[in-house]
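Visitor: Chain residues, written in single-letter form:
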Amino acid sequence: MENEAIYILREVAAQFERPVLLFSGGKDSITLVRLAQKAFWPAKIPFPLLHIDTGHNFPETIDFRDRMVEELGLELIVRKVQDSIDQGKVKEESGKYSSRNSLQTTTLLDAIEEFKFDACIGGARRDEEKARAKERIFSVRDDFGQWDEKNQRPELFDMLNGQIELGQNVRVFPISNWTELDVWSYIEKEKIEIPSIYFAHKRKVFLRDGLIWSHSDYVFQEEDEEVLERMVRFRTVGDMSCTAAVFSEAADIASVVEEIRESTLSERGARIDDKRSEAAMEKRKQQGYF
Amino acid sequence: MEVLKIATAGSVDDGKSTLIGRLLYDTKSLTTDKLEAIERTSKKNGYDYLDFSLATDGLVAEREQGITIDVAHIYFSTDTKSYIIADTPGHVEYTRNMVTGASTSQAAIILIDARKGVIEQTHRHFFINNLLRIKDVVVAINKMDLVDFSEDQYNEIKADFQKLMQKREYQEQQISFIPVSALQGDNVVHKSVRTPWYNGPTLLQHLEALDNKDIYNVGTPRFPIQYVIRPKTEAHHDFRGFAGKVYGGELNVGDEVVALPSQTRSKIKEIWFYDQQCGTASRRSSVTITLEDEINLSRGDMLVKVGDLPMVDKRFTATVSWMDSQDLTVGNRYIVQHGVNKVLGKVETIHHKIEPDYSGVDPNVSTLGMNDIAEVSFRLNKPIFFDRFKEHRTNGSFIIIDSQTNNTVGAGFIG
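Taken in order, these protein sequences are the chains called A and B.
Counting in the working numbering, the first sequence tops out at residue 371, every number present.
Counting in the working numbering, the second sequence tops out at residue 453, every number present.
Treat the hints as calculated values from the structure; they're not laboratory data.
Please read all numbers here as calculations on a predicted model, not as lab measurements.
The beta carbon of each residue, even a glycine, is placed where N, CA and C say it ideally should be.
Check before you lean on any hint, since a few could be wrong.
As the list claims (entries may be wrong) - If you anchor each label on the Cβ, the simulated ranges turn out as follows: (1) 158(B) - 175(A): 36 to 46 Å; (2) 153(A) - 316(B): 43 to 53 Å; (3) 125(A) - 330(B): 20 to 30 Å; (4) 225(A) - 330(B): 47 to 57 Å; (5) 83(B) - 285(A): 34 to 44 Å; (6) 290(A) - 397(B): 16 to 26 Å; (7) 175(A) - 74(B): 26 to 36 Å; (8) 368(B) - 125(A): 26 to 36 Å; (9) 399(B) - 125(A): 28 to 38 Å; (10) 195(A) - 184(B): 58 to 68 Å; (11) 397(B) - 157(A): 30 to 40 Å; (12) 276(B) - 197(A): 31 to 41 Å; (13) 270(B) - 302(A): 52 to 62 Å; (14) 301(B) - 157(A): 36 to 46 Å.
What the hints assert, rightly or not - Below, in silico cross-link-like pairs of lysine-lysine (BS3-like), each with a Cα-Cα straight-line distance of 25 Å or less: (15) 283(A) - 272(A); (16) 196(B) - 154(B); (17) 285(A) - 177(A); (18) 125(A) - 82(B); (19) 352(B) - 307(B); (20) 66(B) - 81(B); (21) 343(B) - 201(B); (22) 119(B) - 272(A); (23) 229(B) - 196(B); (24) 307(B) - 125(A); (25) 384(B) - 270(A); (26) 197(A) - 170(A).
So that you can see chain B by itself, here it is in the shape it has in the complex:
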């Protein structure tokens, strides 16, 4: 079955958890015992409606403060698709969680409170989803029940958002608008009779209609080697397989390939998936490849098709999203993990900080703090084999690891 990963973004109290809870409830994905727990707690807290947000707010601290503080994953399925929703928090200080949630998603839902309209937070949510090149974005204008399902209000917010869209970098992003009331269920799963002026699909209908083929970015095939399989058993004495996942496009038996960094050429001899031999390794499949020639390859090396080489360089510039409480400083050294490849890198220049609300750039910076986004140049101790992020979402991104704390402290998108 098709799997669709969706990121959600909304400010505190925009009703994000309620929307997800509503999706689960109306698709009958909440089991009896979970539903009972929700009814019980809602009653205990004195609510006169069911508090669906209780279906998703997992941690004790969240229940105490009534807010979501980390990325939670919620699962439900219909007859056509399996859905994984990354529930990412909306407050200003948690940009890092939004970037994280968006990095694994193909679609996004941005929530707007119909009473408040497009606010500064909305700019950030849109900026990040656009930066991460999420293909399909739904702007759900929520709490329509509190503005009497006013068409004018809806159109005004839509027009404001469309102004914002003119500033986007990734122009091909598909964006649609839906008026909803998560609390009362209008246009979430079922069509509302209270918005006769709206002829579009409900939120779920929209998601159901998304075609996986259009939702994934297709590029050229890249095969980073994860692990070398050498069984050294009698039956497979000379077997030397290169295990990895295929990114971007597909690879076929007989393809002429180049191994990086050695630049050695060979041909694909076999493609194995478990004990089955296949002619083709499709995008995102985890396979084992053997080559016609005996080449010495190890983890972090990459196979690509002849004539289809990525950039091979020790220097590059990237948009960095900083995620640590310790600042990024010019001259600092970090571990750069690009796919499965780890190299040492040094920050050479911070060109400018980008305000994620489209308010401009700040060229006078020498450090980056938590949640900052900036253009940064790196120099590495070894070359890596990369594409631009806009051409290759996987081979154009990397994470930054602090070698002292071992924490993942940032993410980068190569420009």
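Looking at chain A on its own, in the form it has when it is part of the complex:
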């Protein structure tokens, strides 16, 4: 699987003029950075990283991002959702379940247009969610970023067709075929550093709808929702307003891998954004979401 991912990353560098790696600070995109290092060594990674900053990130993720970019000598572009809000392009959601997660799409599409990116590499995996199970490795988007799921290009053997028209771009998923456990096992084997919030730590949280929410200025909290201090960790890292924690004592990578192996809850089970409806992900993807 590592070989397949390296093959895909090399195809991107060879077939496109302006590729970019979408970096969220999460474990999947950190894994992609390692794979890209391997694909092009001893040369540098031949494309920049792009981070769409919701402004509601976990501070640990941002610290980690800046340190990694510095150490590896990578080029990082940051575009902020706050700027899209200030420009009046998107409106902040309000209420109990408000999140900036879906607002990222506009900022992302604007960045693609600004830099004329023709390929965006992402860490999405087919095992995450039902609609993603149908995603191609090279997935063509029109200039509105839209995904036409009924009219996708067939992908045969390992031949990747990256032919596109001006204005179109391709979303590329090199770790499509990895599962959550595969990613964690790889992080363990390769000794890849990841942000501390993936490991058990004490955090102020509150409970709602059976999920564990972070107590933070960015997250709306009812007055009767009591703040507790608990040992938790995160299985996915998104915006603070859409990522729920799990109770955990797993403080190092080996115990995390063990915990995932034993877990009966799916990874996205702790994603508040997917709980909106059964077709939540598919709808977001049609609108250009990652």
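Guided by the hints, dock chain B onto chain A, whose structure is given.
Guide: Quick look at chain B alone, frame taken from chain A:
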């Protein structure tokens, strides 16, 4: 861990999604939240059993119409293997999806409804899996609960299928039969007490026993160059590495190689995997190779061992599976992508159309429509370096791209 990719084929209502759902359920691969969603929806729809097909039918349209319309990938693992199942749809009009799913798989499951037996669709499913040279095929005779687990019924269907097998081109394909009930779980993961006359393995036992070494086609090594790595840094000033994936066999440091198309000879100096130097590059590994001599190579060129050359030609004939709503027509020009190599090609002749249900060939055709399969000759503007598909699954196949729409419109298997 070993990864096994499996293609599935079955007609509408043969219970394919249910079978996959059952595999996931009995291997405890369904997580609590997914299981709850299935229970909830099953109850809402008024079913008195769990509708496992809900575990795989991803798109909204599919849930509305109750059918699978595209290739979905499903993952589960046991202690011995990781499995990736390509759930490909079974209706007549979706041959293209089946070819696609089969192209990346090493094993296939063909489903037959025990009440209906071998039908025309079954011929197609078998034809495509045989055309794509999938090594191991399981014929799962499903819905045995609806025929009272009748041994006679099972044997009759098996005999019908064996008649079909005599027509196959790829004779070495391993084929086994298993009586199952996906809905009730008989012989999927757990052995059924209701088929005492059946002594073979359950579906999962069969898959678990497949050895990866036997499942992949081994041939001669081919190294198509994907990307040239020239770091131009102080530490690696003169480094010129050829990055690519090894197909067919393995390559070793010191091997004498020929570069195509230039026919220049050299020797492998180093093999790199990331910052590690290795003596051998095994099959399917993504490595970077340096050569003893300074040769100018670029993407699309190929390194092969001396004395082990592929065919180098501008003309070839292939079995083509057409996948586009716009017809393939004699005289049309397309982009032919062979591995990482893209060349322009023209359709010279359509020799005959092949009916994918073993009903014969039609020599009087000048165009191919969606889902047609035919013998087609091409002429290219530059030679490519290929093997026959039956000798080399990767180096003997190509895709066809429409230069106007950029879509992948067909696939070809060189004969």
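Visitor: Please go over all the hints and tell whether each is borne out by the structure.
Guide: We went through each hint and held it up to the structure:
no.	hint	verdict
1	158(B) - 175(A): 36 to 46 Å	violated, 57 Å
2	153(A) - 316(B): 43 to 53 Å	violated, 24 Å
3	125(A) - 330(B): 20 to 30 Å	holds, 26 Å
4	225(A) - 330(B): 47 to 57 Å	holds, 51 Å
5	83(B) - 285(A): 34 to 44 Å	holds, 42 Å
6	290(A) - 397(B): 16 to 26 Å	violated, 57 Å
7	175(A) - 74(B): 26 to 36 Å	holds, 30 Å
8	368(B) - 125(A): 26 to 36 Å	violated, 48 Å
9	399(B) - 125(A): 28 to 38 Å	violated, 54 Å
10	195(A) - 184(B): 58 to 68 Å	holds, 60 Å
11	397(B) - 157(A): 30 to 40 Å	violated, 60 Å
12	276(B) - 197(A): 31 to 41 Å	holds, 33 Å
13	270(B) - 302(A): 52 to 62 Å	holds, 54 Å
14	301(B) - 157(A): 36 to 46 Å	holds, 45 Å
15	283(A) - 272(A)	holds, 24 Å
16	196(B) - 154(B)	holds, 12 Å
17	285(A) - 177(A)	holds, 18 Å
18	125(A) - 82(B)	violated, 54 Å
19	352(B) - 307(B)	violated, 31 Å
20	66(B) - 81(B)	holds, 21 Å
21	343(B) - 201(B)	violated, 42 Å
22	119(B) - 272(A)	holds, 24 Å
23	229(B) - 196(B)	holds, 20 Å
24	307(B) - 125(A)	holds, 22 Å
25	384(B) - 270(A)	violated, 49 Å
26	197(A) - 170(A)	holds, 20 Å
When the structure is compared with the earlier hints, violations turn up for hints 1, 2, 6, 8, 9, 11, 18, 19, 21, 25 and for no others.
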